[in-house]
Amino acid sequence: MNTIRSTWVGWGALCVAGGGAYYFAKQSINADRTARFDTEVKRKAQLKAQEAEHRRQAISTSTPAPSDDASLKRANMARFQNAADDVASPSAEASHDPAPTRHEPMTETDRVHEKGKYEAAAPFRPPSGNRFS
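Each residue of the sequence shown is one higher than the last, beginning at 1 in full-length UniProt numbering.
Mixed in with the good hints there might be a few duds.
Derived DEER-like restraints, expressed as beta-carbon distance ranges [as the list claims (entries may be wrong)]:
no.	residue 1	residue 2	range
1	Thr-109	Ala-70	47 to 55 angstroms
2	Ala-35	Ala-70	43 to 51 angstroms
3	Arg-36	Ala-13	31 to 39 angstroms
4	Tyr-118	Asp-69	32 to 40 angstroms
5	Gly-116	Gln-50	50 to 58 angstroms
6	Leu-47	Tyr-22	33 to 41 angstroms
7	Arg-36	Gly-12	33 to 41 angstroms
8	Gly-116	Ile-29	53 to 61 angstroms
For the record, the hints were derived by calculation from the structure and aren't laboratory data. C-beta: ideal position from N, C-alpha, C; glycine also.
Taking the hints into account, I'd like the entire structure generated from these sequences.
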């Protein structure tokens, strides 16, 4: 029969079983996470070692002569063109840009022709007078 005691025993067994399932699931999940983390750390270390090896080989095998450096050639060309090198200062470099591509129209007909398809030729002016009388 369903007595108070049997209800408590049933709920207690259910809670213990749920807690045990939670504990073992959490153990499994944590083990999977640590395994994935360890493989990721090993993979990153291997890639880092390969990059370091590649860099070391690239530096030791081909050290270009300073006269062959493209950036040095560009710097020398800029020096001969009497142009200031503004690469480090974008605000100074912006003053060397060409003029903006769009200029304000000079005449009224130019202004009307330059309007877009859905733009009004003249701004809307409401009629004068009291509309509520």
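Verification of the hints:
no. : hint                                 : verdict
1   : Thr-109 / Ala-70: 47 to 55 angstroms : holds, 51 angstroms
2   : Ala-35 / Ala-70: 43 to 51 angstroms  : holds, 48 angstroms
3   : Arg-36 / Ala-13: 31 to 39 angstroms  : holds, 35 angstroms
4   : Tyr-118 / Asp-69: 32 to 40 angstroms : violated, 55 angstroms
5   : Gly-116 / Gln-50: 50 to 58 angstroms : holds, 56 angstroms
6   : Leu-47 / Tyr-22: 33 to 41 angstroms  : holds, 37 angstroms
7   : Arg-36 / Gly-12: 33 to 41 angstroms  : holds, 36 angstroms
8   : Gly-116 / Ile-29: 53 to 61 angstroms : holds, 60 angstroms
Hint 4 alone, counting from the list given before, is not met by this structure.
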